[in-house]
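Engineer: As a plain string of letters, each chain reads:
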Amino acid sequence: MRSSRIIGSAMLALVVFQACKKNEAPVVVPTLTEKTVSGIPADTIVGLVNGQPVGAGRYTFFSFETNAVVPSTDSNSVKWDVAVRGTTIITNGGNSGPGAGGAFVYVGTFDDVKAVPKDSIFRQDNAPTSYAVPNTSNRGWYVYSPVTMLITPIPGRVLVFKTAKGKYAKVEILNYYKGGVTPAATATDAEKLKNQRYYTFRFAYQADGTMNFK
Amino acid sequence: MTTVSFAQRGTDSSRMNLDEVVVTATRTPRSMGNIAIPVSVVSSKTLYQSGSLRLNDILAEQTGIQVIDNFGKGIQVQGLSSEYTLILIDGEPLIGRTAGVLDLSKITVKNIRKIEIVKGPSSSLYGSEAMGGVINIITDRAGQNKTDLGLRYGRFNTVDGNLNFSRRINKTDLAASLNYNQSKGYSLKPNAVQKTVEPFRRSTQNLSIHQQLGKQWKAGASFRANASHIDNTIFVQNLGTTIASKGFEKNEEYNFTPYLQFNKELKIKSILRGYLTGFNALQQLDVKNAAGGYDDRFRQLFARVENQTDWQISENAAFTAGAGMVRETVRSNRYDTASTLRTNTIAYFFAQHEQKISSKLTWIGGLRFDANQAYASVWSPKIAFQYKPSDKVKLNVSYGRGFKAPDFRQLYLNFTNVAAGAYSVFGSEVAVSELKRLSAAQLLDQTTALAGSLSALKPEVSGGLNAGIVYTLDASSQFTANIFRNDLKNMIVTDVIAFKKNGGQIFSYFNLKRALTQGLELGAQQKIGQWIQLNAGYQFLYTADKEVLQSIKKGEVFQRSLTNGQAYRMSLSDYGGLPNRSRHTANLKFNADNAKGYFSTIRLIYRSSWGTSDLDGNGLINRADEYAKGHLQVNTSIGLPLDSHWKCMAGIDNLFNYKDIQFLPGNPGRTAYLDIQFIF
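Read top to bottom, the protein sequences are chains A and B. Each residue of the first sequence is one higher than the one before, starting from 1 at the first, in the working numbering. Each residue of the second sequence is one higher than the one before, starting from 1 at the first, in the working numbering.
These are calculated hints, taken from the structure and not from any lab test. Some clues are possibly wrong.
[Stated by the list, open to error] FRET-style restraints, in silico, Cβ to Cβ:
id, chain 1, residue 1, chain 2, residue 2, range
1, A, 47, B, 613, 26 to 32 Å
2, A, 58, B, 227, 51 to 57 Å
3, A, 146, B, 189, 19 to 25 Å
4, B, 573, A, 32, 29 to 35 Å
5, A, 107, B, 662, 29 to 35 Å
6, A, 58, B, 190, 25 to 31 Å
7, B, 231, A, 41, 54 to 60 Å
8, B, 597, A, 189, 51 to 57 Å
9, A, 66, B, 547, 40 to 46 Å
10, B, 602, A, 55, 19 to 25 Å
11, B, 347, A, 107, 43 to 49 Å
12, A, 47, B, 329, 44 to 50 Å
13, A, 146, B, 274, 39 to 45 Å
14, B, 248, A, 107, 46 to 52 Å
[Stated by the list, open to error] SDA-like cross-link-like pairs, simulated, lysine to any residue; straight-line CA separation at most 25 Å:
id, chain 1, residue 1, chain 2, residue 2
15, B, 500, A, 52
16, B, 246, A, 189
17, B, 596, B, 640
18, B, 45, B, 29
19, B, 218, B, 276
20, B, 629, A, 145
21, B, 500, A, 49
Fair warning: this is a prediction, and the values are worked out from it, not measured in the lab. Using N, Cα and C, we set each Cβ at its ideal position, and we do this for glycine too.
Just chain B, with the same shape it has in the complex (with noise of 0.2 Å):
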């Protein structure tokens, strides 16, 4: 995606990291040593050990990531939910989020060269939703005149066929592959007359070509398309009487970026940028069934054009602006009729200066500022300073603000559940004339006096600090740590606006929640000897509610005892922060391998228990009931090469078998699965 004057190292993820260059810091390569913000790479050498097929596998085995199951495999970063952290591919952001989050077993790590992970807000270069952080995935260089064929089969009938294919003809880059991914599923509970995980089928296709035009001029296109399919049976039990409804979900995603590139001996490079995406998704439930049949269409489209200019000033400062215009538009049923179309066009830009000050100090600060048609607009800053006082130490502090805006769904849903309470949910642009609606047609019994506080939904901010050190030993021990602390506000959460005469309520979408998370980042690697590496890491974490907190302390809030069921006031020890959040997670990960290519692994992931949902009636995490169990899961592989061409591996994953029905349905258990590569 960027030619660059840095030496590029392999990818031998045995040395220490320190010289490895990553773009999305700073939207400059930049060598990892010399970034003032939190930054992790994972090498392709590390996805290919380690099994992974799609990225949930390889994000769950990362210090401070959590994947978590709901609505797909969304990510959690510093505590922040999927929907605060922002999913890019060669540096474009996806689309197609269902509740907020990007299902990231959607994305396929076979041809990933590597994937950077930069933690806290990056807002001030990537505009909305780089709140937590920023995962971009970096595709396979095209031009490398290779070309590869993989095959992989496992439980549940897990089939995933690839090719790679990458050439330079010419002056011409050539990157293309497929890939197709399939499981029938599995029932976790015997008996049960509804799979957990339903049956489904994959594809990916993508292809880049890039052009040398002369010697300043560069140009190219992206292109990758995405498509899944899930078979869904759904039984629906009332009082004995079975109910069964056949259904399926199809999902389609595609993306187009093409580009022109510009760069001046080496001081200045510009690059403009088109990006076009799309995503498609459609949910049926057997219409013809006398019980309803349901079907869901949504159609989002994205589309980008960007500039972005670096420049070299001198030897100490680098200064780098841009500037672009999205617009996104949005057609489902699930906001009025599937064919009114929503939209929001957004300008903005930003600029970011990096400043050597000394041979110790380095300081780069950044802005954005992003107009939006549908909400308010948002300045993004940030500022980061490094400080080397030696060759072995390296200090970093970070303070920036992250935004996410308001999604289509937040602002104009129009939901009402028929069965369930019949309860409303209206978007905020659109609950005013709802609520009028509904009086005018004598259905309202009355209104609550947040009802007289809609307006315009604001963006959700955060700021986030980051201080950390980094400590390098010798070349075979590295030790870091870093502390972060994220506050954020505007977040938007429902509310009840009003109540139907039907008892039935009505919520809306308001900027009312205040929330913190807050932690300590740990990590060491160490290699023993020539073969073996080792690699720990440790994040804990405190989040909570920023009004809970204040109620607590007000003795506003109350919850109700195990034992004889009588209610008694919460103090704050009780409290258990927001849902999905582990206080302690850890892994531990040994790899050995040779340059021959044979390999193993065994790695060590744990998860403290977290709060799932209320039971006790205040809406809280709070009792024991409340929380899932924490859980250790092994995942074990080795690597046979066989001759030049081809190659072998096996692994194990979730080797001990855990299992959580209630809470952890994505887990199927112990997987077992082998792997073939040939390599032409």
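Chain A extracted, bound-state conformation (with noise of 0.2 Å):
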């Protein structure tokens, strides 16, 4: 319903517009990019404290608009949009940046959200005691196995983004795992941990500013 009230408004919007000047033709310019990404790295492990395993603590930050890795010497601008350190995936706002940006989990498939709903409610970072994205196993975008020691994206879990300049992306987080691959459920603690905390996920980013992802 909502989707093709969004698709009814949108073509409105194409017969008036050729209506102004219908001698030329219109230009079409593209403007919804869908990718996919692998081996963002989320402060993977350099050690252990007290037995347990740690990285640097540091962020790698991510730009949806260039498709790229953003230094973290922009972590104070509006450059990135999301970041990721471990499980944690914070948004360019709130109190984690100066943008504008938060998110929401969305129940269905990456396909499902063919438009941002408009009674979204986009959530924002207050950490560290809340995150746009929830940040603890079955909460948000996966599930920790205590019996494996795996970390897996819930199937069906669509993270909605509202980027640093206030446009939209969705994502899906694929693997959590170097090259994508889980270790299988045999492999020892130190292979698991050794190849954990890097981020396959594909998106789709709207640079026209609608909510669109059609």
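Relying on the hints, combine the two individually framed chains into one complex.
Structural biologist: Structure follows, in structure tokens:
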């Protein structure tokens, strides 16, 4: 229903647009990018403290607009949209950054999100108490198994983002391990730790500022 | 255990078994041909010729029964897991379950006369746990004037020594037995530092005495003790650093069953029985170790007094009634300190009426009521019909309700895992106070909606329907078919009630899940010539979590593709049902023997693939890589009687050396053994 209304208003806009400049052929600039990104390190394990694995405590910053990792020196800017550290995902907004960013978790497939639902509420980070994308097991985007000690993204969870500059993107996290391959349940603890904290995800970014992902 | 008017036949299983007398199905002795619910018997001859040592060995070869290796060797009957199956020794329930699983390898079969297997719910007679089925182990008869000594040696330094003694002195019947069983364990992975199965030793002692007191009275008592010791060396690896912790596990169990019985002219039989059983478990890991020791203590006590009275009203009607009380206590450091006592008291009564309406039609109805102190009370009815249109055909239909009481773990567990995810599990009776405590200490982040619905747990209940046919072609061929369906509700599951500030989740127990198991069981027995007997069995099984079925239909369940990692909607056909269930299981048993005692057996046991654990994050069995491989196991044995005193047998289990290191750690591969018996 919602998406058909959006399509309807888009078509109406198109008609008005064509009516004004009926002699010129419309120039169609694709504004939606869809990409799959892999190997984004998220504070990979550097050692053990009191027997617990730890990273260096650093976030990796990423921009949907440029489809690239942003240097951490730019962390206090609107150049990045999302950053990852372990299973924690932050947005450029709230108390995490100066941008207009926020996010929420949508239950459904990536293709189900044809547009951001109009009544959506984008949550904002209030680190460390709460995050726009909840960072605990089975509450946000992943589930941790105490039996296999593996982290698995929950299928059917789409992270819908408002970017630092107020545009929209949707993300499906595909894997949390190096090379996009989860170690076998029988792999050693060392192997599971060594290869974790590498994100593989796909995203769609709408550059025109609309809520459409079509 | 019961003296009856029915003629007792020998244990010659090569005969069709319709006139075998069984006691488990109705709590009264009845010939199998007159029982309206699915029941089967494993004879002592089958036990001996199969070379079985422990109860799981022989049950693994029975149609419709799966042995599942998880917290010990538990069984699955009609797709219901070990916690929903009642195990009796001479009619009394065994205790000592770990995570709901009663480890069958604790039980020797060397002093067993027969095993009776009743499928479908029998809570109307037995109360809690009799949902999927009841396995009743009937020990050797006292007063037989025989003594035998057995010794077995097999792979992995497996030694099993056994002494059975049975004698009648004046009017006193005695039976005693001793069993010792050990193995040095094994490693499935070459060069592994930790063994797959650690060395263990077990012992069992039995003593029973029965005294006739005049014509009408009889008294007696049985005592059984069982102990096991398992070495336990655990290696914990943390990024290359290996920490070895030495430890052990010790389990002790004992039962004491005194009784007084009154018989009057085969019309009235009344028995007053006491039953006291205890289970003590101790697990320790190197307490001196800097990585932290582990010390787990569990002491369970179960005491019961019961009267059962059977009244043969007429040739066509029989009535049974009984009542009893149970007191159960547990002390464990899993629930607070090892000295905290947790108790439950149960009072119950049951009644059963059997009526022959015509020469072809019989019905039997039963009802039981259990009033419990620690959780809600429960009624368990059952009704069964048997119709015999001819001598060759027997049709059975039965419906019953089964239940399982919440166990002490579900009521009182207080567990926090400091290492993995800092999660906690609280029993339903302690969860509210624990949440208050954590909240007061400012450790709680937020509670979930479920926390508000924490309340006293109800028993898990099931409704079970069985409909079957037994067709006896002639003295050498018999076919059976039975369809079954079990609908379970109020199943107890753990769910999140709160989150801690450090991210850890807090779980408690709820009556949330509904599930179903349904299927078809087929059996055939064929005698070929004088010596050869063929037995075949097959079970088709479908299981599902009903909540999951509903969510799938609503399109709310997703799975992740193995090829591109993307999520897509799950369809009903992708859903693999409850874990550890094989869709197809089958067996084919070939047996040849003669009157002199020479025998040989070949037994083929097949199990199709089964779901193990979730890998794609949806908590369900759906993807191809979440299944263990189906397989066929072949066991074989031969027997050579040397003279009237010496009997010798040898066998090879798992002839083709099938192994699955990951999903069948309890299967060591091919094992050969030699068994010698001396009969005095």
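Engineer: Is 40 to 46 Å right for how far apart the beta carbons of residue 66 (chain A) and residue 547 (chain B) are?
Structural biologist: 44 Å, holds
Engineer: Given the hint of 39 to 45 Å, is the C-beta distance from residue 146 (chain A) to residue 274 (chain B) inside that range or not?
Structural biologist: The hinted range 39 to 45 Å holds for residue 146 (chain A) and residue 274 (chain B), with Cβ atoms some 43 Å apart.
Engineer: Should the hint that residue 107 (chain A) and residue 662 (chain B) are 29 to 35 Å apart at their CB atoms be regarded as holding?
Structural biologist: 32 Å, holds
Engineer: Can you let me know if the beta-carbon spacing of residue 573 (chain B) and residue 32 (chain A) is within 29 to 35 Å?
Structural biologist: 34 Å, holds
Engineer: Between residue 45 (chain B) and residue 29 (chain B), is the straight-line Cα distance small enough, at 25 Å or below?
Structural biologist: Satisfied, since the Cα-Cα distance of roughly 21 Å is no more than 25 Å.
Engineer: Okay, residue 58 (chain A) versus residue 190 (chain B) on CB: inside 25 to 31 Å?
Structural biologist: 41 Å, violated
Engineer: Would the hint linking residue 629 (chain B) and residue 145 (chain A) be met if the CA-CA limit is 25 Å?
Structural biologist: Since the Cα atoms of residue 629 (chain B) and residue 145 (chain A) sit roughly 23 Å apart, the hinted pair holds (cutoff 25 Å).
Engineer: Check the following: the C-beta atoms of residue 602 (chain B) and residue 55 (chain A) are separated by a distance inside 19 to 25 Å.
Structural biologist: The hint (19 to 25 Å, Cβ to Cβ) is violated, given that residue 602 (chain B) and residue 55 (chain A) are roughly 58 Å apart.
Engineer: Hinted pair, alpha-carbon criterion (25 Å max): residue 596 (chain B), residue 640 (chain B). Please report holds or violated.
Structural biologist: 9 Å, holds
Engineer: Just tell me: holds or violated, for the beta carbon distance of residue 47 (chain A) and residue 613 (chain B) against 26 to 32 Å?
Structural biologist: 30 Å, holds
Engineer: Regarding residue 347 (chain B) and residue 107 (chain A), is the given constraint of 43 to 49 Å on their beta-carbon distance met?
Structural biologist: Because 48 Å falls inside the window, the suggested range holds.
Engineer: Can you tell me whether the CB distance of residue 146 (chain A) to residue 189 (chain B) sits inside 19 to 25 Å?
Structural biologist: Hint holds: Cβ distance 23 Å, inside 19 to 25 Å.
Of the hints listed earlier, those the structure fails to meet are numbers 6, 7, 10, in rising order.
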